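There are 4 protein chains.
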Amino acid sequence: MHRPRGEKIWFIPDGYIPETSSGQLISHESICVLNTASEDALLKITIFFEERDPLEEMMVVVGARRTKHIRTSSLHKEGTPIPVGVPYAIELESDIPVVVQYSRLDSTQAENTLMSVIAYPIK
Amino acid sequence: MHRPRGEKIWFIPDGYIPETSSGQLISHESICVLNTASEDALLKITIFFEERDPLEEMMVVVGARRTKHIRTSSLHKEGTPIPVGVPYAIELESDIPVVVQYSRLDSTQAENTLMSVIAYPIK
Amino acid sequence: MHRPRGEKIWFIPDGYIPETSSGQLISHESICVLNTASEDALLKITIFFEERDPLEEMMVVVGARRTKHIRTSSLHKEGTPIPVGVPYAIELESDIPVVVQYSRLDSTQAENTLMSVIAYPIK
Amino acid sequence: MHRPRGEKIWFIPDGYIPETSSGQLISHESICVLNTASEDALLKITIFFEERDPLEEMMVVVGARRTKHIRTSSLHKEGTPIPVGVPYAIELESDIPVVVQYSRLDSTQAENTLMSVIAYPIK
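Protein chains in written order, with the working numbering: chain A, 1 to 123; chain B, 1 to 123; chain C, 1 to 123; chain D, 1 to 123.
Hints are computed from structural coordinates only; laboratory data are not their basis.
Worth double-checking, as some hints may not be accurate.
[Said to hold, decoys possible] Restraint-style ranges between C-beta atoms, simulated for each label pair:
hint : chain 1 : residue 1 : chain 2 : residue 2 : range
1    : D       : R52       : B       : E78       : 26 to 34 Å
2    : D       : I26       : A       : R52       : 38 to 46 Å
3    : C       : T80       : A       : P83       : 38 to 46 Å
[To be verified] Okay, derived cross-link-like pairs now, BS3-like style, lysine-lysine, Cα gap no bigger than 27 Å in a straight line:
hint : chain 1 : residue 1 : chain 2 : residue 2
4    : A       : K8        : C       : K77
5    : B       : K44       : B       : K8
6    : B       : K8        : C       : K123
7    : C       : K123      : B       : K123
8    : A       : K123      : B       : K8
9    : C       : K44       : C       : K8
[What the hints assert, rightly or not] Looking from chain A toward chain D, a few residues come up when the C-beta cut is under 10 Å (computed):
hint : residue
10   : T113
11   : M115
12   : S116
13   : V117
14   : I122
A quick note: this is a predicted structure, and the numbers were derived from the prediction, not measured.
Where a beta carbon is used, it is the ideal one built from N, C-alpha and C, also for glycine.
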């Protein structure tokens, strides 16, 4: 049996899905989750906005001994996705400890650019 | 009631507002704050410089269950903004725990580039 | 005698070796390890995927009072390297405390871009 | 009296001074230090390499209630600077707590790119 590693609650204050892309790469964000355990991890993702109430409890499963690089554009709550071109923030809760990193690729202008952070954990 | 999450004091040593932009994106920095609590968060921001005294206690409110992505160019102390093209550092104090990330978009040259860090918390 | 500094277990959830390069710079990732101690550090690196079992226990030595910037494309397990163009995640275990940073240079499009994080340590 | 904030020992495993620049921006790295205290901070910086002994104890002062964004190309030990185009790592020790962030601007190709991390503190 492999044990879970990391924490159960993680935050990413700077979420933003760029509206446009150019060149061969598509602008996108990824929430990258690593589950080192011998059991699946069940994630609940909540999205906070500047001027309206949160989108709560989008569910994602990360398999045992697997990573999942979640495109934020793939998330939705009863059919409602995260809007593009709007500042937002991310809360991720897992039922077992995991490790979370957030990366954004922006190809709004002709050449792409990357940024990445390890999300902020609550211990 | 939702509880506050994070810490009350955060630091960002590498602040810099680029002087120029090109293309469709404007060079800027954002201090991205997430307030998960059911009450508003009151922030006091202090700016440190290399060769003069700090600009102290610029005030910002982040609503309950909201995020705010604060453009550093929008901050000012009695009408004095943060100067562009000058290295500086940021201290952020909140009356309740919050989570803070800092990102910079630089489009000085034709294509934009991004960098981002989770700010450093005092626990 | 110099003492070891840092932690023994580190994680990087967002691994990805870009498939293509352009211009004078080659797309690559580096796992940058610092060993401050007066003895060598022996690393075991495990690679997690989205849809198959991990590649376990690739071994790397970092000399006493040395840094090593490990290209992920140089790692292999019994001749099997990390595949390019596939999302993965990294676990690094060391027999003595070290400090780990991860950086990626992507030159898929004409101009290169960089991202970097301090890996997430287990304390 | 203002108190010092942060930690006394910080590490940055991924140091690298790019050899070339293009366009209007010069490739460089900055070690950005914030000293919130009412007294000066005295820093000792040690540089670790892949294949030779460290350059030890370069000294830098950061004034009371000031930040300093230290260009790594400005550091030297008895006239010996950090070589360009060589992977290295950084240890920073301060006599009072400070906060440290590391950023790199690379303009090797026509458009510049940025990366940044909060350095890793020993608590």
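Worksheet item: For the hint on S116/A, does the least C-beta distance to chain D fall short of 10 Å?
Response: holds (9 Å)
Worksheet item: Quick one: are R52/D and E78/B within 26 to 34 Å, going by C-beta?
Response: violated (53 Å)
Discussion item. For a C-alpha distance cap of 27 Å, please report whether K123/C and K123/B respect it.
Written reply: holds (16 Å)
Discussion item. Quick check on the hint: I122/A CB to chain D CB, less than 10 Å?
Written reply: I122/A check fails; min Cβ-Cβ to chain D is 17 Å, beyond 10 Å.
Worksheet item: Cβ-Cβ distance between T80/C and P83/A: within 38 to 46 Å?
Response: 42 Å Cβ-Cβ, so the 38 to 46 Å window holds.
Discussion item. Need the status of pair K8/B, K123/C: alpha-carbon distance at most 27 Å?
Written reply: holds (23 Å)
Item to complete: Verify the interface restraint on T113/A: the C-beta must sit less than 10 Å from at least one C-beta of chain D.
Response: Hint holds; T113/A Cβ to chain D Cβ min 7 Å, cut 10 Å.
Discussion item. Against the 27 Å threshold, does the CA-CA distance of K44/B and K8/B hold or violate the hint?
Written reply: holds (10 Å)
Practice prompt. Mind checking the alpha carbons of K123/A and K8/B for me, to see if they're no more than 27 Å apart?
Written response: holds (15 Å)
Worksheet entry | Restraint outcome when V117/A is required to lie within 10 Å of chain D by C-beta distance | holds (9 Å)
Discussion item. For the restraint on M115/A, tell me whether the closest CB of chain D is nearer than 10 Å.
Written reply: holds (8 Å)
Discussion item. Need the status of pair K8/A, K77/C: alpha-carbon distance at most 27 Å?
Written reply: violated (31 Å)
This entry does not satisfy hints 1, 4, 14, going by the numbered hints stated previously.
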